[in-house]
Each structure stands twice: as structure tokens, then as C-alpha cells.
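Spelled out, the chains give:
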Amino acid sequence: MPPTAAPDRAAMPPAAAPDRAAMPPAAAPERAAITFRWDLDKTYLRTQFESLRQMVKIPFEAGSDKVHLPGVPQLIRGLRRCAKDRAERPYVFFLSASPPQIGNAIRQKLELDGVEYDGIMFKDQLRHLVRGRWRSLREHLGYKLGELLDSRRAGPAARREVLFGDDWESDPLIYSMYADILAGRLTADATDGLLRVLEVERGAIARVVRAVDALAQHSEVVLRIYINLERRTPPGRFHGFGSRLVPAFNYLQTGASLHQLGLLDDTALRAIASALVADAGYNGDRLRNSLDDLVRRGHLRPSSRTRVIRVLQRAGLSGPAPHEAMVRARLAAAFERLQARWSRSVGPVDAPAIDYEKIVREWADRGADASSPSAS
Amino acid sequence: MPRIAVDAMGGDLAPDEIVRGVAQASLESDIQMVLVGASDRIQALLDAGPYNPELISVRHCSAAIGMAEDPHEGLRTKKDASISVAARMVAAGEADAMVTAGNTGAAVLAAAKNFKLIRGVKKAALASVFPRQTEYPGQDALGLLLDVGATIRCDAIELTQFAVMGSAYARRVSKVARPRVGLLNMGSEESKGGDVLVEAYKRMKAPPQLDFVGNVEGNDVTTGKADVIVAEGLLGNVVLKLIEGIGEVATTVATHAAQDSWRWRIGMAMLSTGISRIRDLADFRSYGGAPILGFESICIKAHGRSTAPAVKNAIKVAAKAVRDRISPEIAEAIAEIR
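Residue numbers (my numbering), protein chains in the order written: chain E, 1 to 376; chain Z, 1001 to 1338.
Next up, chain E with everything else stripped away, as it sits in the complex (with noise of 0.2 Å):
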């Protein structure tokens, strides 16, 4: 499926560092759009590269060789298609640190998954390469980080975001730096300063400096980052997060996080839930277990599971545990429905107050291994 708006940025010429002063204004935010930026490897594709063997096959790689994460293609068809229904305009956007040179068989393999986008952005290796700028290959943070505020700044501003990212390099640090930014909780100089200690480069820093300074307004933007946790990194090393960030093991959990922010519908719920039965060989138990553990994480509430539950249940896919009373449950559920009512809001449930500088810290003194953030 082609992309349905910004193409992409790899095909275009790097974006020359513009001056601090030059950087024209965001535009203002689009009231009725949403934006899902999503990772790539490891996010959406069951990217390998752990050995150098698995990493030197990744540029041969057809689209069709391409695994994606059970459950992901159905999750963004759903987003899509949701957001269309709520009126709401979607975008999705693909940031990935991998090369441009695997651009190809990426937009195969999501046009095979039946995945619309609206842009793919890659890191231009070859560029660093050829400039002899060795940190920079090597060096996401800045500029993911940089990337996300371009695209911002460049493409739809969306009044509302939702962030996918996984538990292998910095996306929670980057997502939740990103987000704060946005709301204007950290600031220029804030950012600056807390980059210099995990030594980004420093044309990155300039970028995301300049970025941040051409922000005309802020806003609570980002719902929600999402962080696939396909190491399995202990979910409890995402605390210092806050409750906006969601360690998901696996695309139910991040569905039905979605599905209790009324971004993702019954429908679209189930054809997570049978892909990754289907695909991955979950059962009902491993259904039912994923959802539990996500209400005793604090981030689904007890309705919530159940109305999932019986959206699994009416599909066959799973069922309340045997010792459930179900009858019990559901009238908890629907008092705790009109509680909600009351009390309805669908935007980030409470601003997290972050404290970066001792994340960045830890960050730091681990020689910046980002692959293990601990912020508990």
C-alpha cells in the first residue's frame, strides 16, 4: 500500500541544520488528527541482530523474508480504521535507525501486510560514513530524537500521539523526552543540558535544540508510549517513567491498553488476539494471563479486562479464569463504567513527573548501553 501523505524522508536530501534563529514555526495543531509513530526493527519486525552473521543478511533480505511481530499489522489496521470512524485523521509514521537502503524491502513487507503509512524515516548511514563521521553511525538518541521533532514540526501536528517503540535501544528515554518536550516540561536548555551527559553528538544536540526552540506552543500531545518488551526487561525498570509509558509484552497487552482509551474497538481487538493465536500459538489461558497482568501492572482497570474478556470470550478465543464469577465481575465493571464516565478523559491520564536527571545519569554511567534502561 503506498504512503498516503509525507513521503519519505530517506529519499529526501538530509535536512541541512538550519539556523537556531532561521527554523521556521510548528504549525499549529491539527484538531482532528492523530499520529502513531511506530520503531521498526523489533517494534514491528522480528528483527535479528544479534550476531554479525544475522546483521550482514538484514540488506539481502526481500520484503517477504521480513517477520513482523504477531499481532502488529492488525494493530495498525485497526488504529487506522478506528481513528477514521472517530473522525479523527490518522497518520502513521515508521522511524527506524536501520539504513535507507533497506527502504525497499521494508515498503514491500508492509505493503504485503496490508499496512498504510504515511512515512518511513531511516538513518542515513552511508552519509555519516562517507563524512567520516564515526559517532554518528553509531549515535540514535539524538537522532531519533531530533527526527521525531522534525517530523513534528515538518509534518501534521496532531493534536493527540500515540508512541510504539521496544525495550532494545533508548525509545522509552527518547519517547518520554519527545512527549515532554512537546508539553513544555523540559525545556530548551533542560534538553541540551541532559543530552551533553549521555554525550550525544553535538550537531545532533544543535538539531534537537533548535527543534525544541521553534515549538510555538505545547500541549499534552502524546497519550501514551508503548514499549514491546521483546527482551523482557523487567517491566519494573520502566517505573521512573510514570504510568503514560506501557511495558507491553506482547500486542494484546498494547491493544487492550488502546482499547480502554477507546482508540481501538472490539473488532479490531480480536484480530489481535487470533493473529497472535493463530501465529504465535497463544491459547486462552496466555490470552487471559497477558490481560491480568497488565490490571495488576496498573495499567488496564478491572472493567476494562473484563469487557476484553468477553470480546475474547464471544470470539472463542478465551474466557474468564474457572473460578471467575463472571456475574460478580461484570457488575463491578459496569459501576466502575459509570465511574468513569463521570470522570472521562481520554488524554495522558496523569503528566508524569520524570525525573530525567538521574535517569540520564544512570544512563550515562552505564558507558551508555541504552539497550537496559532502568528508571524504577
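Keep in mind the hints are simulated off the structure, nothing from the lab. A quick note: this is a predicted structure, and the numbers were derived from the prediction, not measured. Treat the hints with care, as some may be off.
Claimed, not checked - So, partial list: chain Z residues that the calculated Cβ filter (under 7 Å) puts toward chain E:
no. : residue
1   : Gln1032
2   : Pro1050
3   : Glu1054
4   : Ser1057
5   : Glu1094
Where is the CB? At the ideal position from N, CA and C, for every residue including glycine.
Could you slot chain Z onto chain E? The hints should help.
This is chain Z only, laid out in the frame that chain E set:
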């Protein structure tokens, strides 16, 4: 796939090591586990390490029976104790087996209260594995001793039933085609040990499905002479604790000796691999658990000081016992000697 109810609050190191053990098992197997205990504490512990949430569910309950608590009183007053809830789940068919590292008396009583005895079985027996020498290649390095505390005194019929149950268990779980069964006694002659043991000897000789090797003396327990050793609970428990104590004493003596003399220190350093092997062999915490045999449902009792790997192993033993249909196997064996 079997579903195992795990008493999260039972054991000297509970709930920390129990929850960690379940988390480890969730990453290494496809066994469904239900952690029974205080859900907030359980989730906080899960959050701290890697786990697979798809294989773990939590059944909240508010109470736990302490290791030093009177089991009768504990079970009577704490209806919502984790060990009782786990046993009730198994009895109700919500789980296929239970694992507990908690109060042994409470485990036996909870099982007795909630599980049905296999038809024909007079008393249940608590089994335990113990390290031993092996006599031939491929022989299991662990022997099975029962009873080690579910009973105090037994009659000859009960001891014979223990022999049959232990033999069936070893056949299924340890994959010993024809386990050798011995009767713990004070001498190898048939006439030794008083009326009960003499009568038990005669009875154990009879069933063709038992490979009875006769009386086993104390010094033969840790040799590979018998795969299954039968004793009444009082005696079995003393022997088990003695083996456990010897391992600890050997390690302590070696450590002290090394502190006293530099010659010993050098010697101990040279023997360190061997000593570490002895310590590992005698470390009951690493073995997982052993079953309470005689009930239609399965209860695996892990050592009270079980660490996470031991809990993980106990869960695997429980799953294996379910998969290998231990209880029907025992029921069949008991029916044959009736």
C-alpha cells in the same frame, strides 16, 4: 499443558525466592503456573526481574501459615491461607497439581483435607529425594525415601503400600524401568526389626511388580543398593535430616580447618572442586521437591529453604508427575496388590 498452583507465601525464603522460581520456570518451560498469595507483593517481585506473563496468573489470598506455626491451628484459623487455597484449587480442578515449600505439616494436612486418597491406600506418604552413590552407569544420582514425615508409626500393610507407591513414582518420574525397593531396618536379615518390619518384609517379597532387595541398613542408604527406600515417617525423617546435616557439617569442618592451618588451606584449595560437588550433592535446596504420595491429586513439597532454582525444579517435577499420570499409575499398582 499442566497448570500448577504454587504456594507463593510458604517457605523460609518466601515469597521472594518462590516468585523468582516461578518467573524462571516461565522463561524455560510452557507450564502454566498460578501463584497463590498476596498479589501486590507478588507483582512487585515479578516486576523486578524477567518473566513471561503469559504463563503466570496470580490468585490473591491474604493469609499464610508460618514455618513454625502449628499446622492444625493454622489451617483451622486461616481459611484463606495460601497453602489451603492452592490445595482447594487443585481439588476443584482449577489446577492439576500444587507445589509448596511451606510448613510440611500444613502441606500434608491441607492435602489430606482437600484431596481424596487413592482407593485402597491407607495412608499418604511424604517422599523425598536424596543424593547417593550410583552402582551402574545411567543410574539416577538421586534415591527416593518415603515416608519422611507424613506419618509417625505405620503398620506392615502401610509400609508395603509405600513401597508400591514409591516404586510406581520412580518408574514414571526417574524412568527406572524396575526400581529396586529396600526396607530401612537395623539389619539385613529378614527376622530383624520387630514384628511390623518382619511382617512388612514378607509382604514386600510377594508382589511380582516389586523388585524388593530386602532390608537396607543405615550405611546402605546412600549407596545405590536400592532406588526406593521405605521407612515409617519417624525413622525416614531422622535419616533424611541426618543426610542433610552431614553435608552441612562436612562443609563447615572443611571451612574451619582451612582457617586454622595454611597447609589445610592449600589442601582445601586443591580439593575445592570436589568439596563443592559434595556441597551441591548434599544441598537439598537445589533438588526441587518430592511428592506426597497416595492422593488422587499431586502435591510436591519443596524444601523449606528452597531457592529459586529449587522452586523451578519442583514445578517441573509437578508438571512431569501430571503428564506422566503418576496418580493413576499408583492406583493401578495398589489395586494389583489388594
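These are the hints, each one checked on the structure:
| no. | hint | verdict |
| --- | --- | --- |
| 1 | Gln1032 | holds (5 Å) |
| 2 | Pro1050 | holds (4 Å) |
| 3 | Glu1054 | holds (4 Å) |
| 4 | Ser1057 | holds (5 Å) |
| 5 | Glu1094 | holds (5 Å) |
Hint check: no violations occur; every hint is consistent with the structure.
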